[in-house]
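Residue-level listing of the chains:
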Amino acid sequence: MATYSTNQFKSGLKIIIDNDPWAVVENEFVKPGKGQAFNRVRIRNLLTGRVIERTFKSGDTVEGADIVEIELQYLYNDGEYWHFMNPTSFEQIQVGPEVMDDAAKWLIGQETCQLTLWNDRPIAVVPPNFVILKIKETDPGLRGDTATGGTKPAIMETGAVVKVPLFVESTDRLKIDTRTGEYVSRA
Amino acid sequence: MTAHSPTQQTDLWRPGATLAALRARAETLRAIRAYFDAAGVLEVETPLLARFSVTDPAIAAVAVPQAGTDSGAARATWFLQTSPEYAMKRLLAAGSGSIYQISKAFRCGESGRRHALEFTLLEWYRLGFDQQALMDDVANLLAHLTGTRNAIRRSYRTMFRDGTGIDPVHASDAELRAAVQRLVPGWDPDALYDRAIWLDLIFSHALAPTLGHDGPEFIFDYPLAQAALARRSPDDADCAARFELFVGGMEIANGYHELTDAAEQRARFAADNARRRQLGLPERDADPRLLAALDYGLPDCAGVALGIDRLLLLLQGRQRLEEVIAFAGERA
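As given, the protein sequences belong to chains A and B, one line each in that order. Counting along the first sequence from 1, when you hit position 70 you're at 70 in the numbering used here, and nothing is skipped either side. Counting along the second sequence from 1, when you hit position 83 you're at 83 in the numbering used here, and nothing is skipped either side.
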C-alpha cells in the first residue's frame, strides 16, 4: 500500500494509525513563525466511528489503508450471517453481526447497501437512507388524530421500534429515515 | 458515495478574492508606502530568484533548476526567495540607509487557511533602532492603518509562564513532557524526544492561539534556541532580541535587533546545516554574499517582516488567505 505525507492529507483519505483504518476528516497546517511545522488532523476510526485529533510533524508519512466502498444487494440472513451480492458479478459476501450493527434492523431483502471493505474484509454496512417496512405491532390508530403531535411505539416487521404518530394503523406500511431512525410518512 | 470539490475546475479562472477585497488591498499598499515615504525610508527591490537560499531547517525553498550554459557548465539550482532579508542586508552594508520592500516570498509545503506557498511580505530595516524602538515603529504603522493604538507587550518567558506555569528555558524534560501531554491533544511526547519541537508544539498549539485578542500583542525576547538572526537580548542573557506580533491568535510579524557579528552568523549557519543533516534534509550553502557583507560591516539596525496577506485578513475581517489574494493556491 502507498504511504502518504502529511501534506497529501485531504478530507476522505484513508490511512492506518495504531493498526486501525481511519479517514481524514480535516487537516490544518500549524506553524510557528520560525520553527517546526505541524499538521493538526481530525481523523475518524472506520471500525468504531470515533473521531479524534492527532498532531503530526509536517512531512511525516503514514501508511495508506486499503479501503474500498461498494454497493451490494442484501439477500438474506441465515441466523448467523447477513449475505450480500454484487449485482454485476453475482459474487457474494457474508457479514457478521458486529459489523452489521444497527444496519441489520432496517433490512428485509433486496435493499442496496453500501459496504466498506478493508483489505477485502467488510468493516461497515450502511443501509439505504430510506426504507419502507410493514408494521408488525402497534396500538390501534386514533382515527382523525392528525393534529395533537402525540406518538406511540410501533414494532416493525424487522423488529425495529419506531415512534409513530397516533393516527398510524397497524396495517400501514411506513417510510423510515435510517440515518435518524425516525418515521417519515405512510407509504 | 459523495465527492466534495470546493471549487469546480471550470470556476478556477475566477479570482478567489472579491473586487472589493482587491481594491482594499491596493488601498492598504498605498497607505503603507505613504507611511514609509513620510519617514524617509527608501523603497527597494531585490531578486525573487537567487543563487543562494536559507539554511533554516524549518524553511523549505522552492528550487528552480537552471539550464546549462553553452560552455557546458554544470546545471545549477537556484531558489525562489523565502524572505528578502539577506539581499536587503547587503544593501544596508553597502550604505543604503533605512529601507523597505514589498515583495513576494515562497515557502514549499506551506498551505492552509493562513499559509500560502506564494505570499506577500513587507520587510523593513531601520538604522540605529533596537528591538523596543522597532516595536514602536510597527505599532505606529498599525495605528496609521487602523486608526487605533492599543498594542501591548509581554516577554516570551512571561507569556510562556502565564500560559503553562513553567519556564521555557529552565523547565526540566519531565515538566516539558507533562506540559505537552496536558496542552497538545493527540501528540505522544515520547514519539520524538526533542525540546525544541516540544516548545514549538506548546507555543503553536496552546499559546499562540490565545495571543492578541484584546488588540495587537507583541511577544519579545525569544529563547536563544529560537534566535534565528537576532542578537542576544541586552535584558535577558538566555534570550535573543527577537519579537513577534500577534493579532487574534495569528502571527503577523517577526523582527530582530539584527545580528551583525559575522563569526556568530557563520556558526549559526553551520549549526542549521548540522540540524538539517540530523533531520535528513538537504544542506544549503551558507550565502557567501551575505557573509561577505557582514565581514564588510552591517550597520547597527533592527528589521522586521510583516505578512501583508494576513494583515489584510485583519483589516478586512476575513478568515482565509484566498479571500485577499487574487489567484491563490489552485487558481495560480
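Fair warning: there could be bad hints in the mix.
[Stated by the list, open to error] In silico DSSO-like cross-links for lysine-lysine, where the CA-CA straight-line distance does not exceed 30 Å:
id, chain 1, residue 1, chain 2, residue 2
1, A, 175, A, 152
2, A, 57, B, 104
3, A, 57, A, 105
4, B, 104, A, 10
5, A, 57, A, 34
6, A, 34, A, 105
7, A, 152, A, 163
8, A, 134, A, 105
9, A, 34, B, 104
Just so you know, these hints were derived from the structure itself, not from any lab.
Non-conforming hints, listed in increasing numerical order: 3 and 6
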